[in-house]
Amino acid sequence: MDYQSIIDRYYPEEDELKRILMIHSRQVADRCLLIAKKHPELRLDTEFLEEAAMLHDIGIFRCNAPSIQCFGTEPYICHGYIGGQILRDEGHVRHALVCERHTGTGLSKQQIESRNLPLPLDRSYEPEVMEEQVVCYADKFYSKSNIDLERSVVETAQSLEKFGPEGVRKFLKWVDLFE
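When we follow our numbering, the leftmost residue of the sequence shown carries the number 535, and every step to the right adds one.
Hints are computed from structural coordinates only; laboratory data are not their basis. Be a bit skeptical, because a hint or two may be false.
Capping the alpha-carbon separation at 16 Å, the derived lysine to aspartate or glutamate pairs in EDC-like fashion look like this [what the hints assert, rightly or not]:
| # | residue 1 | residue 2 |
| --- | --- | --- |
| 1 | Lys643 | Glu624 |
| 2 | Lys678 | Glu550 |
| 3 | Lys643 | Glu700 |
Label-pair ranges, simulated between beta-carbon atoms [to be verified]:
| # | residue 1 | residue 2 | range |
| --- | --- | --- | --- |
| 4 | Asp710 | Glu547 | 24 to 34 Å |
| 5 | Pro652 | Phe605 | 32 to 42 Å |
| 6 | Glu713 | Glu662 | 19 to 29 Å |
| 7 | Leu711 | Glu684 | 13 to 23 Å |
| 8 | Glu548 | Glu581 | 18 to 28 Å |
No experiment lies behind these values; they were computed from the predicted model shown. Every residue gets a Cβ at the ideal spot worked out from N, C-alpha and C, and that includes glycine.
Use the sequences and the hints to build the structure in full.
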């Protein structure tokens, strides 16, 4: 798969949004590859990890998040679901699942219902396979609104408090597994 050609198809202009997307995605991909190198016992598919990390935020352009140059119409919480649709249309179902399952530490049906999130309830939004978990985990250390910042484990855990204590617990389990 040529992830760059997919990115270029949906982000044809060399503008600030594409710059933010590319830097953030590369940060996430590099952290994923470092985890794979540190943990050969996990037998991670490094080619897939890099592709999925580079494409996990492909749907942001359709969302409304002006602080990161996104001027679409959809709520930002939908960017993973939108990215999943894009990658399914491109024929990359496995990559689509990473898009859909990387928000927070994953979103349960109960969280979606209780928070009245604008996401369909016909699929899982929680990372399942190890590569999905690694991309989700790595993504949490980097913010698109402050592209030069790499959060510490403590800062990352604090940033996840808005998703509830279960998200923080899941993240801390990943710290034990991946660090």
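Hints, verified against the model:
no. : hint                        : in the structure
1   : Lys643 / Glu624             : violated (26 Å)
2   : Lys678 / Glu550             : holds (11 Å)
3   : Lys643 / Glu700             : holds (13 Å)
4   : Asp710 / Glu547: 24 to 34 Å : violated (42 Å)
5   : Pro652 / Phe605: 32 to 42 Å : violated (18 Å)
6   : Glu713 / Glu662: 19 to 29 Å : holds (21 Å)
7   : Leu711 / Glu684: 13 to 23 Å : holds (19 Å)
8   : Glu548 / Glu581: 18 to 28 Å : holds (26 Å)
In summary, the structure is inconsistent with hints 1, 4, 5 from the numbered list given earlier, while agreeing with the others.
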